[in-house]
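Chemist: Take a look at the letters that make up each chain.
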Amino acid sequence: MDQKGIGMTQEPLLKARGLVKRYGKVTALNNCDFDLMPGEILAVIGDNGAGKSSLIKALSGAVQPDEGEITLDGKPVRFASPLEARGHGIECVYQTLAMSPALSIADNMFMGRELRKPGIMGSVFRQLDRPAMEKFARDKLTELGLMTIQNINQAVETLSGGQRQGVAVARAAAFGSKVVILDEPTAALGVKESRRVLELIRDVRSRGIPIILISHNMPHVFEVADRIHIHRLGRRLCVIRPQDYSMSDAVAFMTGAKVPDEVAEAA
Amino acid sequence: MDQKGIGMTQEPLLKARGLVKRYGKVTALNNCDFDLMPGEILAVIGDNGAGKSSLIKALSGAVQPDEGEITLDGKPVRFASPLEARGHGIECVYQTLAMSPALSIADNMFMGRELRKPGIMGSVFRQLDRPAMEKFARDKLTELGLMTIQNINQAVETLSGGQRQGVAVARAAAFGSKVVILDEPTAALGVKESRRVLELIRDVRSRGIPIILISHNMPHVFEVADRIHIHRLGRRLCVIRPQDYSMSDAVAFMTGAKVPDEVAEAA
Amino acid sequence: ADSACIITKTDTNPFFVKMKEGATAKAQELGITLKSYAGKIDGDHEGQVAAVEACIADGAKGILITASDTKAIVDSVKSARDAGLLVIALDTPLDPVDAADATFATDNFKAGELIGQWAKATLGDAAAEAKIAMLDLGISQPSVDVLRDQGFLQGFGIELGDPEKWGDETDPRIVGHEVTSGNEEGGLTAMESLLAKDPGINLVYTINEPAAAGAYEALKAVGREKDVLIVSIDGGCPGVQNVKDGVIGATAQQYPLEMAAKGIEAIAAFAKDGTKPAPTEGKDFTDTGVTLVTDKPVEGIESIDSAKGAELCWG
Amino acid sequence: MSSDAKAAVSYEEGLKGASEKVAEFQEHKSALKRLQHWLHMTPSAVPMIVLVVALIVFGLLSPNFFKAVTLSTILQQIAIVGILGCAQSLVILTAGIDLSVGAIAVFSSVLMGQFTFRYGIPAPLAIAAGLALGTAMGFANGWLVAKVKLPPFIVTLGTWQIILAANYIYSANETIRSSEIAATAPALQFWGNSIQPGGVKVLYAVFLMVALVAILAYVLRHTAWGRHVYAVGDDPDAAELAGVRTKRILIQVYALGGLFCAIAGWVMIGRFGSVSPSASTGQLGNIQSITAVVIGGISLFGGRGSIVGMFFGALIVGVFEMGLKMVGTDPQWTFFLIGMLIILAVAVDQWIRKASA
Amino acid sequence: MSSDAKAAVSYEEGLKGASEKVAEFQEHKSALKRLQHWLHMTPSAVPMIVLVVALIVFGLLSPNFFKAVTLSTILQQIAIVGILGCAQSLVILTAGIDLSVGAIAVFSSVLMGQFTFRYGIPAPLAIAAGLALGTAMGFANGWLVAKVKLPPFIVTLGTWQIILAANYIYSANETIRSSEIAATAPALQFWGNSIQPGGVKVLYAVFLMVALVAILAYVLRHTAWGRHVYAVGDDPDAAELAGVRTKRILIQVYALGGLFCAIAGWVMIGRFGSVSPSASTGQLGNIQSITAVVIGGISLFGGRGSIVGMFFGALIVGVFEMGLKMVGTDPQWTFFLIGMLIILAVAVDQWIRKASA
Ligand SMILES: Nc1ncnc2c1ncn2[C@@H]1O[C@H](COP(=O)(O)OP(=O)(O)OP(=O)(O)O)[C@@H](O)[C@H]1O
Ligand SMILES: Nc1ncnc2c1ncn2[C@@H]1O[C@H](COP(=O)(O)OP(=O)(O)OP(=O)(O)O)[C@@H](O)[C@H]1O
Ligand SMILES: O[C@@H]1[C@H](O)[C@H](O)CO[C@H]1O
Ligand SMILES: [Mg+2]
Ligand SMILES: [Mg+2]
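Here the protein sequences come in this chain order: A, B, C, D and E.
Start counting the first sequence at 1; every next residue gets the next number (the numbering used here).
Start counting the second sequence at 1; every next residue gets the next number (the numbering used here).
Start counting the third sequence at 1; every next residue gets the next number (the numbering used here).
Start counting the fourth sequence at 1; every next residue gets the next number (the numbering used here).
Start counting the fifth sequence at 1; every next residue gets the next number (the numbering used here).
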C-alpha cells in the first residue's frame, strides 16, 4: 500500500470498493466500485436515477454508505460530514447547489472562509472586508461569462437558475485543493456559460487537481474527459477512454442497449 | 380584433406587448414583446439571466408585470395567480418544478385533480383511488423512459434530480389543454429521457396544443422548434425560423456577438 | 377630578373583580377617577411594578394594591410614596406592613386556621387517622397560598416544617399536595390524581371555592361526595351557596368590598386634606375580618350559617 | 429540422434497443430490516413505543398504577387536550401554529353556558351557537393567515389575547355552578356521562376523542382534501403552483380547528361540571396541545406526521403526569421531571429513527 | 477529443465576439421608488414607522403621555424584554425558538442573590457565577438542539419547566429584600442606578440594553460569525455543505442567549430592587420576547430580519402598554387591544411591504 513509491499515476487518488447504499426499499448503490487517478478529469455518466449523485455523495461525506470502503491517497477514510471531506481537500458542487437563499452572492461564495478587513478592524473587531469579497465574486463571475448579474449584492434566491449554478461552480473551482467534484455543473447553464465552465475544468486540472464531472451532455463529456465511468443500475458498468469508443457506444452502454465487451466476458 | 374569422394561424394565441418587470434594482423584463401562434412549438433561448423565466412567469400568472399587457385569444387577460392561468388552460412546468417534497409521486402528479374511488366510497366518503392514480403515474413515467424509479410511492424529495424533472414534465403534458409552457424541461435529464421529452413535445403539438419551450440545448431547439424567440437583456431581440439560420447564428445573436439584420436596421 | 389607581393581582379571579367593582362604585360616589390595573397571571410582580410606575407618571393621588410579591413590591411602593402618593395595601399585607400607608386586609393565616380547627373538631376522633388532600394554588407558592395552607395545617394540629413553604411536612395523614391554579379545572384534575394515589381520602383542603367545586366533581364521579369533607376559603356568593348545598363543609369568608370602599375613602380624605388612615387598635393593619361560614357549627369556634353568609357574600 | 442539429445529436443512435425494464434489486428481508422499515413508514410507531415503556415503568414503580380506574382516569384527563390536539395537528400540518386553541375552547364553553342561563336559550340551540361561534373564531384566524398573509404565530398570539379578554369581559368572570347546569340544562354536561363496564367508568368524552382522532386520520390519509393539507404545509408555493387552492385550504383548516376547539369547550362543561371563564385551559391549552403534537412526531415545519401520533403524544403526557403523582413526587419535582421527560421522549424518538435510518 | 464530440458543438462558433459587459438598465429615480427601495432594504424601517404612529396617537389621547418621565419610564420598562429579545432574536435567526429565556433570567438572578446571601460569596463573584450558570443553561439547550438534534421548541419547552421548577426548589420560594441587598451587596443592584439629566431619571439598564442591541447588530452584520448565524437559519443543510460548522454555531447561539438572559437576570435585580423567584418574567418572558421579535419583523422561519427591528418591536409593545394605561383602559380591555395591535402592527408591515414590492 506504499503508493507514494510507485508513482502518481499507478495508484488511484480516491478509490471505492463495494459501496452499497439503500434508502428504505430503494437501492441507490449496489456494490459499486470507483477510481479517480491523480490529475485526471473523470466523467461519470448514466441514466437518471442510476446512482451517480448517490455515489459522489458517498465519496464526499454527504451520505454514509451502508457497506463498502473508501480510500484517499491509499488510506482508508470515513467522512462523517462534507466538512470533514473538505478538510481533506475534497470540494463538491452538489446537484442541489447548497446555498443560503437569503444571503448575497458574496456571502455565499465566501461562506466559511470570509475575508476580514486589514488592521485592527479585522483582527480585533473582526469586521468583514465586504468590498474585497464583492470584487473577488464579481471577477469570478465575469470569468464564467455571467454578465447578466447586475447587482452583486443580490440575494441568491433572486438569481436565475443558471446564475445560481454559476455561483456554485465558481466557488468550488476557486477554492478546491485536492479533488473537485461537479454534479451536473452545466445543467442550467447557457451556451456561453457552459463553455466557460469547460475551460474552467481544464484550468483546474492544469493546477494538478483531478476532477470528477457528472454530466448528461455527451459532447462535453467526450470533449474534456480523460476517462469515462459509466454508471448503470447503481454500479460501475465499465470505464472507457473517449478515444476508444464513440458517443453512440457510450449511450448504448449506459442505457443497456449494448453490453461492453469486458462485462460480457465476465458475465 | 375578431381573430376568429381571420383563421387560426394569423393571429397569435398568446400575445404580450411592452412587458416590464423590475425587482428592486434589477430589471428582469425591459419592455418585452411576445407572440405564440396556435399549434406551434415556440422555443425561447437566451443567456442565463436574460429574463426567459421571468417572461413565462409573467405569462402564466406567477408574477405580475409592472407594465405591459397580455392577451389570450385576443382578449386582454391579467392572471393574479398560476391557478387562474390554469383555469384558462395554461399549464406550466417551472424551472423550480413546484412539487411537494414530502408527498409521493402519484400525490404530486394528481395534486388538485385527484381521482376518487368508484361507488359510495368515493362519492360519500370521498376516498382516493390510490391504485388507479399509481398506475397512471407509473404509465406516464414509463412513457418518458424513467425506468429507474423503483418505488412509485417514494416521496418526491427522495428522487434523483432528473427523475423529479421527469415527473413534472409528465404532469404538464398529461393535463395541459390550451398552452403548455416548459422551462428547461430537459436540463437535468439523461440522453434517453431527453429524447422522450422531445417526442412528448411533438405529441402535444399533434394534439393541436401550442408549446413554449425554454432551453439551452441548441440541437434540441433547432430540431423541434417551429420558431425561435431570441431573448437578450430582458427583451425579445428577434424571432427566427430554424430553417433560415444556423445554430451558430442563433448563439451569436443571443450572446451579442452579432446583431440580426432586422434589429440592425431598426436601430 | 382627583384620580386614583387600583392594582390587583389578576382581574380574572372573581374576588378581584368584585373588589374592583366595589372600589369603582365608591369612587364614583366620591367623584374620583379610578383607573384599574392587574397582573397578567397570578404572581405577576413585574406587571404590578409597571402599573405603579404608570400611576406615578399619570399623577394619581393614591394607589390601592393587592401585592403579588409582598416583599418585592416594597421598593416600588416607596418610590410612589416618595412621589407623594398615598399607598394602601388591600387584601394582602406588605412585608414589612408599614411599607404601605395603611392596610385593609384579611388575615390569611387565621382564615386557614379557622377551617383547620373546624375540620378537626368535625372529624372528632377520626382526625387522628384522617387522610388529607391539600389542593394549593401554584408551584411558585405565593404568600396567600402558603399562609392559608399552613394556617389550615396548624389549625388541624399538624406539625409544620418551615412555615414559609408548604410541602415539607412529614405527617403521614397528608396524602399529598397538588396545585390547582385556583379554578375548577385545576381542582378537578388535582383531586383525581390524589384519589388515584389514595382512594381513602376523607378531608380536602382547598385554596379557594372554585378549586373546591372542582374537587367535589371528582369526588362525585367516584361516588364519594357524601363521605368526604371539603373546606375552603373566600366566602363568595357561589361558595356560600355551595356551603348551603353541602358541597363545601365550611369556608372562611373575607370582605373585599369593604376593603375597597375603605381604601377609596382614605384616598379621598388624603386628597382633600392630607390625612392618613389609622390602623385598627392594637394591630399594625386594619383587619377587615374573616368569618367561618358553615351550617354545621362546632363547639368553641365562632361561625355564621350559610343564610347569614349569603347576606354578607361578595358576588 | 436543420441538418447541423441532426448531426449534433447523432450519438443518440446508441439509444436503439435501450432497456425498458423498471430497475429492481433483491431485498434483504431480515426481521430487523423489516422492523426498521416499518418504523420509518409509520410515524406514530415511536410515540407508541415510548408510551408502552412509560406504562411499564410506572407500573413497576407504583402498585396502584395498573388499575383500570387509574387508566380510565388518565384517558379522561387527556380528553380535552386530545381534542385540542386534533385542531392543533391540522394547523401544524400546514406549517402554522395555533396559540388560541385553549382560549377558543374556554370562550365557547362560556358562550354556551351564558346563552343558556343569561338569555334562556334552550341548551341544544346554545350549544349549536357556541360551536358556530368557535368555528367563526377559527375562521378569523384562517382569514388573517391566508388572506392578509400574517404569520400564524402572530395572528394566534393576538387572537389568544383578544379571545381570552373577550371571554372575561363578556362573562364578567362569573362561574355557572355545576348543580344549576345539572338541574336546568343537562345537555351541556352530555359528554360527562359515562358507561361503566365492569365498574370502570369511561366518559363519553373519551369515546368522542377517539372517534374524532379516527375520523381525522381517515380524512388526512384518504381524501384529496387531506393530501392538500399536507401539500400546503410542505411547500405552499409549490402547492399553489400545482393547483391547490392554498388560501381556501388554510381558511378551512383554521375554521375546522375552531370547531374542534368549540367541541372541546362543550366537553369541558361535561367534564368539569361547571362553566368557568378562568379555566386554566385558556392559558395552558395551547402549550399542552403543542406538546402532544410534537411528542407525537408531527413536524413543526409542517407537512409531516400523523394525527395518531398526536394521540399517543397526549397519552404519553397524561401517563407521565399521573404516574409521577402516584409515585408521590412533590408538585415542584413533578414539574421538573415532566420537563425532563418531554425532552427524553423526543430524544428517544430521534434515537430510534437514527438507528433505523 | 473525439471528432464527433467536436462536430456536435460546432455551433459554439457563434460565441466569438460575445459581449463582455455587465448588463445595466436605466433606473427611475423617483422619490417614491427610492422610498420603496429603502423600505425593502431596511427590515427595521416598518416597525419604526409603526412606533412613531403609536407615539403620536397616544400623545394626542393622553395629555400626560408626552412627558420626559413617561418616555423614560417606558424605556426602563422594556429594558428586560429588550435584553431577553436579543437572546430570542439570535435563536430565532437560526430558525429556532427559546421558550426558556425568562426562566433562565429569573433563575440566574436567584442564583446571584442566593450565592451572595446564603453562602456569603462576594457579590461580584456571585454575579460572575450567575452569568456563567445562565450561559451553561443556554449551552444545555444548544447541545440538545445541535447534537441530539431535538426540535428547539421541545427542548426549550422542557428546560423552561425544568429551570423554573429548579428555581423554586432551590430558592425555597424566598424573596431577598431590596433593603438587605442595598446594605450588603449593592453590586447586585448596579443596573438600577441612574443618571438624571434635567431631572429625568434614566437607568443604567437602559444604556445597557441599547449597547447590547448595538453590539449585536454589528456582530450580526459585519462579522463572519454573524453571517453564519443567518446561513444556519436560512438553510442548515446548505450551510453545512457550504462549510459552516452548523452545530458549533447553534451551540454558541444558545449559550450566548443564556448569557444574555443571565444579564437580564442581573438587570432584574437592579430594576426591581429585590430578588424574587416567582418573578413573572419566568412565565411570561418568552412570550413577551417573542412578541418583540416578531413585531420587529424577524421571521420565525429563520435567516431574515434584524436585531434593531426587535428593539423597535419591544418599544412598540412598551408604548402600547403604557399608552393604554394612561388613557385609563381597563386591564382586560388593555389585553384585548394589545392583541389587536399585535396583529395590526404586523399587518401594516405586511401591507407596506406589499405596496412597495
Ligand atoms: N433520500 C433518498 N431516499 C430514497 N431514495 C433515494 C434517496 N436519494 C436517492 N434515492 C434514489 O436512489 C436512486 C439514485 O439516485 P441518484 O440521485 O443517485 O441518481 P442520479 O444518477 O444522480 O440521477 P440524475 O441523473 O437524475 O441526477 C434513485 O432511484 C432515487 O430515487
Ligand atoms: N425575485 C427576484 N428578485 C430580484 N431579481 C430577480 C428575481 N427573479 C429574477 N431576478 C433577476 O432577473 C433576471 C432575469 O432572471 P430570469 O430567471 O428570468 O432569467 P433566465 O433567462 O430564466 O435565466 P436562466 O437561463 O439562468 O434560467 C436575472 O438577472 C435575475 O437575477
Ligand atoms: O384573597 C384572594 C382570594 O381569595 C383569591 O381567591 C386568591 O387570591 C387571594 O389574594
Ligand atoms: Mg444526480
Ligand atoms: Mg430561467
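None of these hints come from the bench; they were simulated from the model.
All residues carry an ideal CB built from backbone N, CA and C; glycine is no exception.
Hints are not guaranteed to be accurate.
To be verified - Computed list of lysine-lysine pairs in BS3-like fashion (alpha-carbon distance at most 27 Å, straight line):
(1) D:K6 x E:K21
(2) D:K147 x C:K226
(3) C:K220 x C:K296
(4) A:K25 x D:K21
(5) B:K25 x A:K135
(6) B:K178 x D:K247
(7) A:K135 x E:K67
(8) A:K135 x A:K117
(9) D:K201 x B:K140
(10) D:K201 x C:K220
(11) A:K140 x E:K21
(12) B:K178 x A:K258
(13) B:K258 x D:K6
(14) C:K296 x C:K308
(15) D:K6 x C:K226
(16) E:K67 x B:K258
(17) D:K67 x A:K258
(18) B:K258 x E:K21
(19) B:K135 x D:K21
(20) C:K78 x E:K67
(21) B:K75 x B:K135
(22) C:K110 x C:K18
(23) A:K178 x E:K16
Said to hold, decoys possible - To give an idea of the interface, some chain A residues facing chain D are shown, with a C-beta separation under 7 Å as derived from the structure:
(24) P118
(25) I120
(26) S123
(27) M247
(28) G256
(29) V259
Chemist: Does each hint hold? Answer for all of them.
Modeler: Hints versus structure:
Taking the CA atoms of K6 of chain D and K21 of chain E, the gap is near 33 Å; set against the 27 Å cutoff, the hint is violated. This hinted pair does not check out: K147 of chain D and K226 of chain C have alpha carbons roughly 56 Å apart, beyond 27 Å. Annotation: proposed proximity of K220 of chain C to K296 of chain C holds, straight-line Cα distance about 21 Å (limit 27 Å). A threshold of 27 Å between alpha carbons decides the hint, and for K25 of chain A with K21 of chain D the separation of about 17 Å falls inside it, so the pair holds.
Straight-line distance between C-alpha atoms of K25 of chain B and K135 of chain A comes to about 19 Å, which keeps the hinted pair within the 27 Å bound. Restraint check for K178 of chain B and K247 of chain D: satisfied, since their Cα atoms lie roughly 26 Å apart, inside the 27 Å limit. Note on K135 of chain A and K67 of chain E: the hinted pairing is violated, with a Cα-Cα distance of about 50 Å set against a maximum of 27 Å. The hinted pair formed by K135 of chain A and K117 of chain A meets the criterion: a straight-line CA distance of about 14 Å does not exceed 27 Å.
Our distance criterion of 27 Å between C-alpha atoms is broken by K201 of chain D and K140 of chain B, whose separation comes to about 56 Å. With a C-alpha separation of about 12 Å, the suggested pairing of K201 of chain D with K220 of chain C holds against the 27 Å cut-off. With a CA separation close to 14 Å, the supplied pair K140 of chain A and K21 of chain E stays within the 27 Å bound. Between the alpha carbons of K178 of chain B and K258 of chain A the distance comes to roughly 40 Å, so the proposed pair goes past 27 Å and is violated.
Only pairs whose Cα atoms come within 27 Å are accepted, and K258 of chain B paired with K6 of chain D is accepted, the gap being roughly 24 Å. Simply put, K296 of chain C and K308 of chain C have alpha-carbon atoms about 13 Å apart, close enough for the 27 Å limit, and the pair holds. A C-alpha spacing of about 97 Å is found between K6 of chain D and K226 of chain C, which places the hinted pair above 27 Å, so the restraint is violated. A distance of roughly 71 Å separates the Cα atoms of K67 of chain E and K258 of chain B; the hinted pair therefore is violated under the 27 Å criterion.
Proposed proximity of K67 of chain D and K258 of chain A is contradicted: the alpha carbons are some 70 Å apart, above 27 Å. Taking the CA atoms of K258 of chain B and K21 of chain E, the gap is near 15 Å; set against the 27 Å cutoff, the hint holds. For the proposed pair K135 of chain B and K21 of chain D, the alpha carbon gap of about 16 Å is at most 27 Å, so the pair holds. About 22 Å separates the Cα atoms of K78 of chain C and K67 of chain E, which keeps this hinted pair within 27 Å; it holds.
For the hint pairing K75 of chain B with K135 of chain B, the CA-to-CA distance comes to about 39 Å; that exceeds 27 Å, so the pair is violated. Proposed proximity of K110 of chain C and K18 of chain C is supported: the alpha carbons are some 22 Å apart, at most 27 Å. For the hint linking K178 of chain A to K16 of chain E, the alpha-carbon distance of about 33 Å lies beyond 27 Å, and the restraint is violated. Proximity of P118 of chain A to chain D is violated relative to the hint, the smallest CB-CB distance being about 42 Å (cut-off 7 Å).
For I120 of chain A, the interface hint is violated, the least distance from its beta-carbon to any beta-carbon of chain D being 41 Å, above 7 Å. Evaluation of the S123 of chain A hint against chain D yields a violated restraint, the C-beta minimum of about 40 Å exceeding 7 Å. Below 7 Å, beta-carbon pairs count as interface contacts, and M247 of chain A has one with chain D at about 3 Å; its hint therefore holds. Proximity of G256 of chain A to chain D holds as hinted, the smallest CB-CB distance being about 3 Å (cut-off 7 Å).
Given hint, V259 of chain A at the interface with chain D, is violated; its Cβ is 11 Å from that chain's nearest Cβ, farther than 7 Å.
Of the numbered hints given earlier, the model fails hints 1, 2, 7, 9, 12, 15, 16, 17, 21, 23, 24, 25, 26, 29; all others are met.
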